[in-house]
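Whole structure, please, built from the sequences with the hints as guidance.
There are 2 protein chains.
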Amino acid sequence: MNGAESLVRTLLAGGVDVCFTNPGTSEMHFVAALDRVPGMRCVLGLFEGVVTGCADGYARMADKPASTLLHLGPGLANGLANLHNARRARSPVVNIVGDHATYHHRYDAPLTADIEGFAKPVSAWIRTSADAGSVAADGAQAIVAALAPPGQVATLILPADTAWGEASGAIPRANPSGRDAVAADAVAESVAALRSGAPCAILMTGPALREKSLAVAGAIAQATGVRLLAQTSNARTQRGAGRVAITRVPYPVDQALAMLAGFRHIILVGAKAPVAFFAYPGKPSRLTPDDCAIHVLARPDQDMAGALDWLADELGADPATAPLQAPSRPPLPSGALDPDSLAQALAALLPENAIVADESITAGRNFQAATAGAPPHDWMQVTGGSIGCALPVATGAAVACPDRKVVCLHGDGGAMYTLQALWTQAREGLDVTTVICANRAYAILQHEFANVGAGAPGRRDRDMLELGRPDLDWVSLARGMGVPATKATTAEAFNDAFARGLASPGPYLIEAVL
Amino acid sequence: MNGAESLVRTLLAGGVDVCFTNPGTSEMHFVAALDRVPGMRCVLGLFEGVVTGCADGYARMADKPASTLLHLGPGLANGLANLHNARRARSPVVNIVGDHATYHHRYDAPLTADIEGFAKPVSAWIRTSADAGSVAADGAQAIVAALAPPGQVATLILPADTAWGEASGAIPRANPSGRDAVAADAVAESVAALRSGAPCAILMTGPALREKSLAVAGAIAQATGVRLLAQTSNARTQRGAGRVAITRVPYPVDQALAMLAGFRHIILVGAKAPVAFFAYPGKPSRLTPDDCAIHVLARPDQDMAGALDWLADELGADPATAPLQAPSRPPLPSGALDPDSLAQALAALLPENAIVADESITAGRNFQAATAGAPPHDWMQVTGGSIGCALPVATGAAVACPDRKVVCLHGDGGAMYTLQALWTQAREGLDVTTVICANRAYAILQHEFANVGAGAPGRRDRDMLELGRPDLDWVSLARGMGVPATKATTAEAFNDAFARGLASPGPYLIEAVL
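Line by line, the protein sequences give chains F and A.
The opening residue of the first sequence carries number 0 in our numbering; numbering runs sequentially from there.
The opening residue of the second sequence carries number 0 in our numbering; numbering runs sequentially from there.
Do not take every clue at face value.
Where chains are identical, the list cannot tell them apart; a pair therefore holds if satisfied intra-copy or between any two copies.
Straight line, CA to CA, 20 Å or less: simulated SDA-like cross-link-like pairs of lysine to any residue [to be verified]:
{"id": "1", "residue 1": "K271", "residue 2": "T111"}
{"id": "2", "residue 1": "K63", "residue 2": "W124"}
{"id": "3", "residue 1": "K282", "residue 2": "R105"}
{"id": "4", "residue 1": "K63", "residue 2": "P149"}
Please keep in mind that the hints were generated in silico from the structure rather than gathered at the bench.
Note that the coordinates shown come from a computational prediction; the quantities given were computed from them, not determined experimentally.
Have a look at this one:
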């Protein structure tokens, strides 16, 4: 067995049975091993940002890593932006990057690059395999590193001769380390804050936003009056009717400052103390008042669910008492298609158990509020602020959850970064309904231009902030990649198209012209 | 004047008057300054790989840098693959990357990343401006660094507060350092090799492949019998009827070994000693025989044109005696459309003074041979081996040379990486005719699979090496971005479509189904 096969067998033994790939010459032995060894689902992406974004979406839904297969430094480079998002989502990813043969590196052939240098800013663990005999053990450690709490990007660099050289065999599954329990004094500090009588919030993210932990948090809120908040962007939130609803800290700084102004205690569960997404002249970076104490109940790598259980115990809060979101569906909208009617249509039609991948940015500011009472569903956001995330994340989620409907809500600007994901959806027959919110602008930048005090945009500014001249035609783009698509310019047309997409078993795209 | 404006004025003073942009919030003051200060042409790309590839293509044709404008670490990351190609092309690029305000960085907001870490593998010069007062001087130094021989990527990181803070003014143009003359003993060593009577080749790249230097090299060949060779991939070659023709070292290792087998001396002019693009089991990395001496006449950063002139003087070779390529046009092809008939059509129709951006890979193996006698033109290749290069390079070249026809020859696999370049061509009305060689496969990998000894591809291997199921429809993709397009499945249809593209003043795309 060669090194490549020892790695594939090690990945499978470690529970990594999906590989999102965009291979090249130096990866051909790994590709051959993927075919020879049964058990690995191989999903081709036509651009590496699709590959890494798929791995992120897969991990968010499967709670385990997929592998990627990337081609040397430039292939990894193309995947870095979505690895940045994956790192911020704390998604476990086993990133495999082919390299020149060890003895070939010193000749500085054209594709030679500093792969470890590219990998470092996004990877918690990096290793370049030294020889074929080391590949399996390196792969096993990559899995352990990826699964290390809170979830990490592990990058294994595989020189071509370590793939084709002779290896001794696969390495069996190693047990990843679990999440550490929180310390008693962290719980005591939170209890004291909650009993202080001063205004208090619990700010959560990560696994704390799953249904069960939210119910515990809801009971704590019921017992103490504490406000439950989620980070602005979260990898995955379980929400909808019958679950405990949670409010996110708003993205606009002034709204966030207003929401947080009155609190004297903020208890962090996996979250960081809230800071502005960007700096703005004359506005603070920290969003909490100076007299607000920050308490860490659980760090991102700790056992958030256990911490909330413990806190509820201390407070005598019974999860059965948590106030649950009542079901509520608006009627279908009619008339003009705009962000409000679009939100109403989503709320009216979102199917039970849907997975929403949301990069709707400005058009979607109201989507979460509108769908609060929709049937239970998962909601995934762009965690690292790098646009071009949701199309591949939706694609990877559909691979992880073939029995669930995935709905991708995307701004037109961001969707252009990784539109190649649509082809992968068609190739794999993935059940994703994509809504492109086509406002034909980087609309968020039109707001931000004013927010940073840059004055009124001139003609050349507008050229850089608008996507028109020519307008993108998303129906043509989708069809060009084998995805059926339609355009909607009224609420009625959108209702029909969205219902059609939801009823179809494969990918479907709607250009919602706003 | 704020820091951003001081930078824009400094760039203009330094002769940098084109900015390829994909901005975000942290770049809004720079965007505002671009509008306020007249003189900078701003070209929006809808993905950063387009932006950086455009800057590469622009530099190859304009012989001076454009600036880019990218959004924090992930924005730079998306542009790295084409910066890798630009680095290998030795293209001068002034890369401007916005960052969070200096005081905001420590809060680790979602988009925070190690920008210098991302930049290092591709940049010869990196600086993060410390304050608004430093920005102009940093920008002036970035231009000098970009223009330092042989041409480099200079990355200037601009924290938002250094853009919006008060600055004192622009910095006038600084004189970049010129290319050093070669040493007399390097010339003497080459003369000795050429007079040794042993088989000898001159291997060239970079500025040595411009018309005037090629004529000098041709005269040297005429006088001495030396063989003239070019690297496998070159940033820009001036070729066609009336110029000195040059043969490239082939990409396939066996062919390269065969070509180089007989030489006892190889004289390098800007080139590196030839090595295999990839390593293959049982095949050498170095392509020259063990008994072949390598002589460096001119390093990449030295004055290649002057070195060739000097060598010609020593040898009494008169550039007027150089044998020039005779004009030759084949008739238009008919019948099946395949790589040969496609090559014939290109040779029959390529207009005088065309700029060819070539990423045709397998389909195009014969394109250069076929067009050797076409009217004089420039030919640009993928220098760093990272695919997704030629569409943006063609776009940037069209910005640099608005009076010349640009022809982009592209494999379908590679074109998917940066297809967003088509929208920029439409937005700017650029005169680019794109030919997509649609073999619906990563055809090169189908060859490489066998070359690396991975056996016969199985079903899952083929899934990763073929682009079908579904086929990409390039006509739809192009129209979706506002570029008129047509599909050709016969030689006659291609002839007509190519002639139509060449006759139209704006962008046009032909899907050549092979």
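Against the structure, the hints:
{"no.": "1", "hint": "K271 x T111", "result": "between (38 Å within a copy, 14 Å between copies)"}
{"no.": "2", "hint": "K63 x W124", "result": "within (16 Å within a copy, 40 Å between copies)"}
{"no.": "3", "hint": "K282 x R105", "result": "between (50 Å within a copy, 16 Å between copies)"}
{"no.": "4", "hint": "K63 x P149", "result": "within (12 Å within a copy, 47 Å between copies)"}
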